[in-house]
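In order, the protein sequence lines correspond to chains L and H.
Those letters in the first sequence? Residues 1 to 283, by full-length UniProt numbering.
Those letters in the second sequence? Residues 1 to 283, by full-length UniProt numbering.
For the record, the hints were derived by calculation from the structure and aren't laboratory data.
Heads up, some of the hints might be wrong.
Treat identical chains as interchangeable: a pair holds within one or across any two.
[Claimed, not checked] Simulated crosslink set (DSBU-like; lysine-lysine; CA at most 30 Å straight-line):
(1) Lys112 / Lys77
(2) Lys84 / Lys182
(3) Lys193 / Lys182
(4) Lys112 / Lys193
(5) Lys229 / Lys182
(6) Lys112 / Lys188
(7) Lys84 / Lys193
(8) Lys193 / Lys77
(9) Lys112 / Lys182
(10) Lys77 / Lys229
(11) Lys84 / Lys229
(12) Lys84 / Lys112
(13) Lys229 / Lys193
(14) Lys188 / Lys229
In this text the structure is predicted, and so the values were computed from the model without any measurement.
Protein chains: 2
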Amino acid sequence: MKMMEGYRGFLGLLVSALLLGFLSVIFTLIWVLHYREGLGWDGGAPEFNWHPVLIVTGFVFIQGLAIIVYRLPWTWKCSKLLMKSIHAGLNAVALILAIIGVVAVFDFHDAKNIPNMYSLHSWIGLVAVILYAAQLLLGFIIFLLPFAPLALRAILMPIHVYSGLLIFGTVIATVLMGVTEKLIFALKNPAYKDLPPEGIFVNTLGILVLVFGTIVFWIVTRPQWQRPKEPNAKFLQPNGSTPEGNDYSVTGDFGNVDKSDVDSEATRKRNLKLDEAGQRSTM
Amino acid sequence: MKMMEGYRGFLGLLVSALLLGFLSVIFTLIWVLHYREGLGWDGGAPEFNWHPVLIVTGFVFIQGLAIIVYRLPWTWKCSKLLMKSIHAGLNAVALILAIIGVVAVFDFHDAKNIPNMYSLHSWIGLVAVILYAAQLLLGFIIFLLPFAPLALRAILMPIHVYSGLLIFGTVIATVLMGVTEKLIFALKNPAYKDLPPEGIFVNTLGILVLVFGTIVFWIVTRPQWQRPKEPNAKFLQPNGSTPEGNDYSVTGDFGNVDKSDVDSEATRKRNLKLDEAGQRSTM
Numbered sequence: 001m002k003m004m005e006g007y008r009g010f011l012g013l014l015v016s017a018l019l020l021g022f023l024s025v026i027f028t029l030i031w032v033l034h035y036r037e038g039l040g041w042d043g044g045a046p047e048f049n050w051h052p053v054l055i056v057t058g059f060v061f062i063q064g065l066a067i068i069v070y071r072l073p074w075t076w077k078c079s080k081l082l083m084k085s086i087h088a089g090l091n092a093v094a095l096i097l098a099i100i101g102v103v104a105v106f107d108f109h110d111a112k113n114i115p116n117m118y119s120l121h122s123w124i125g126l127v128a129v130i131l132y133a134a135q136l137l138l139g140f141i142i143f144l145l146p147f148a149p150l151a152l153r154a155i156l157m158p159i160h161v162y163s164g165l166l167i168f169g170t171v172i173a174t175v176l177m178g179v180t181e182k183l184i185f186a187l188k189n190p191a192y193k194d195l196p197p198e199g200i201f202v203n204t205l206g207i208l209v210l211v212f213g214t215i216v217f218w219i220v221t222r223p224q225w226q227r228p229k230e231p232n233a234k235f236l237q238p239n240g241s242t243p244e245g246n247d248y249s250v251t252g253d254f255g256n257v258d259k260s261d262v263d264s265e266a267t268r269k270r271n272l273k274l275d276e277a278g279q280r281s282t283m
Numbered sequence: 001m002k003m004m005e006g007y008r009g010f011l012g013l014l015v016s017a018l019l020l021g022f023l024s025v026i027f028t029l030i031w032v033l034h035y036r037e038g039l040g041w042d043g044g045a046p047e048f049n050w051h052p053v054l055i056v057t058g059f060v061f062i063q064g065l066a067i068i069v070y071r072l073p074w075t076w077k078c079s080k081l082l083m084k085s086i087h088a089g090l091n092a093v094a095l096i097l098a099i100i101g102v103v104a105v106f107d108f109h110d111a112k113n114i115p116n117m118y119s120l121h122s123w124i125g126l127v128a129v130i131l132y133a134a135q136l137l138l139g140f141i142i143f144l145l146p147f148a149p150l151a152l153r154a155i156l157m158p159i160h161v162y163s164g165l166l167i168f169g170t171v172i173a174t175v176l177m178g179v180t181e182k183l184i185f186a187l188k189n190p191a192y193k194d195l196p197p198e199g200i201f202v203n204t205l206g207i208l209v210l211v212f213g214t215i216v217f218w219i220v221t222r223p224q225w226q227r228p229k230e231p232n233a234k235f236l237q238p239n240g241s242t243p244e245g246n247d248y249s250v251t252g253d254f255g256n257v258d259k260s261d262v263d264s265e266a267t268r269k270r271n272l273k274l275d276e277a278g279q280r281s282t283m
């Protein structure tokens, strides 16, 4: 096991992603607290305002972190089961925040007699929430519970990875539509087209969310930054090859199925030693 | 060289993508011709209407085709230079249509005294056009002209691939914002929130564009559907390995640099024979 390629580049991008995600949440809070009516659960505008706050915090920032959590090299000594649990846990938190965020809008619409589910934003957004819940449930059953056979996991992993990234990208597109809608509806005198400070500020929020997504996508699609496969996967076949013959073609471009679902304490200790040796040899 | 894995699945998805892309263009035409003011170049609404038509045709459909053109297995016998030229040519056509589409909006705004460049849609859309032009120019200089050294190509290919897909995804997000804007502005009495037939129809157009993008992304990120590397790449090193040692880590997850820029007629004939043999052996 060698040192991660481009470790400094990884760290720089990770810090940028964290900063941009954090800034996106702060910008959303400043938007609703400073420019808009604040936060509350009263059927009025303050209740609506939970929608952008919870979506950007949960569905964008936390989902983004859940996507790149396997890439953190200092977690490669942790068991795969632990990392899967963190991945699933972050996604579960993101889902709960997203659902509360959606409920806030329905509540607000109902109180104000505004129709629900007419906009493209609402159509795509609701489908994204439903697919995200399905993805979490299927991921839990197939990859976290110990029942699914390895062959099934290997077939489904590229689909899991792809649909996860598709949902994340779709959520970002939906946020950009939501920002557009809200600015058109909320800014009157001066209108959005006269670009008042709130318009510039929230356009900037949109850019921050997009750049956050861009960095998360870059990090997660670099093959050299993937969590290494468990070494004991190599011992499943006498010649060191894996049952499918070619990991690359089976697990897809950025999927990564370990043939061992839970690595033993002994394996983990061996990884640690190999890793230390690797670090020494590259110093 | 073996038969393409999952050839039928590939064909099904390719046909679906073509159908969805074509339907998106048709839907856009029906939108502006049936529901809106038609097409014209008069500074009025018919001039604006060129914007969605040209963007969906060029920046979505043709760009999508340009992205997957290397994946068509019946082109694998064609020279890489020819395929690169087709890839660059399709992208050039898409860029020209996108630029005319943007000019149409500026013209319309100027004639109607509507400010330019205030919306998030315009900010992200203009950046996408500029990045797309830069991507095309850099791609032409580095990958199509014969001057750039192979090492530089290998370093830049994953960035070229990533930024191409990023721009494509961003364009789709920008289309969804544009649809949202236009429906809010254009639908009055009944308004967008009352979901008149035009609202349902154009929301559906948004979904078509998103699903088209989804299929293009799936096709292009399947490693087993990549154009095989040129066999003579293997002859650059005596032991058959490539200079970088590991193609996968250098060319990224779905980048694919051939060490030979232009394959010779002899190589192409050999490919052909190997391919025929491969097909016989899998029948």
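Intra- versus inter-copy proximity for Lys77 and Lys112 (alpha-carbon distance at most 30 Å): Answer is neither: 53 Å inside a copy and 63 Å across each miss the 30 Å cutoff.
Status of Lys193 relative to Lys112 across identical chains (alpha carbons, at most 30 Å): Classified as both; 26 Å inside a copy, 13 Å across copies.
Alpha-carbon proximity between Lys112 and Lys182, which holds within one copy, between copies, both or neither at 30 Å: So Lys112 and Lys182 pass the 30 Å test inside a copy (15 Å) and across (24 Å) alike.
Homo-oligomer pair classification [Lys112, Lys84; C-alpha up to 30 Å]: neither (42 Å within a copy, 56 Å between copies)
30 Å Cα threshold - placement of Lys193 relative to Lys229: Neither, since 52 Å and 51 Å both go past 30 Å.
Identical-chain pair category, Lys229 with Lys182, by Cα at 30 Å: The answer is neither: 45 Å in one copy and 49 Å across copies each exceed 30 Å.
Status of Lys193 relative to Lys84 across identical chains (alpha carbons, at most 30 Å): neither (46 Å within a copy, 42 Å between copies)
Lys84 and Lys229: within-copy, between-copy, both or neither at 30 Å Cα: within (14 Å within a copy, 35 Å between copies)
Alpha-carbon proximity context of Lys84 and Lys182, limit 30 Å: This pair counts as neither: shortest intra-copy Cα distance 36 Å, inter-copy 43 Å.
Lys112 and Lys188: within-copy, between-copy, both or neither at 30 Å Cα: For Lys112 and Lys188, the Cα distance is within 30 Å both inside one copy (19 Å) and across copies (19 Å).
Lys193 and Lys77: within-copy, between-copy, both or neither at 30 Å Cα: neither (53 Å within a copy, 53 Å between copies)
Intra- versus inter-subunit Cα pairing at 30 Å for Lys77 with Lys229: within (11 Å within a copy, 35 Å between copies)
Violation of the numbered hints given earlier is confined to hints 1, 2, 5, 7, 8, 12, 13, 14; the remaining hints are satisfied by the structure.
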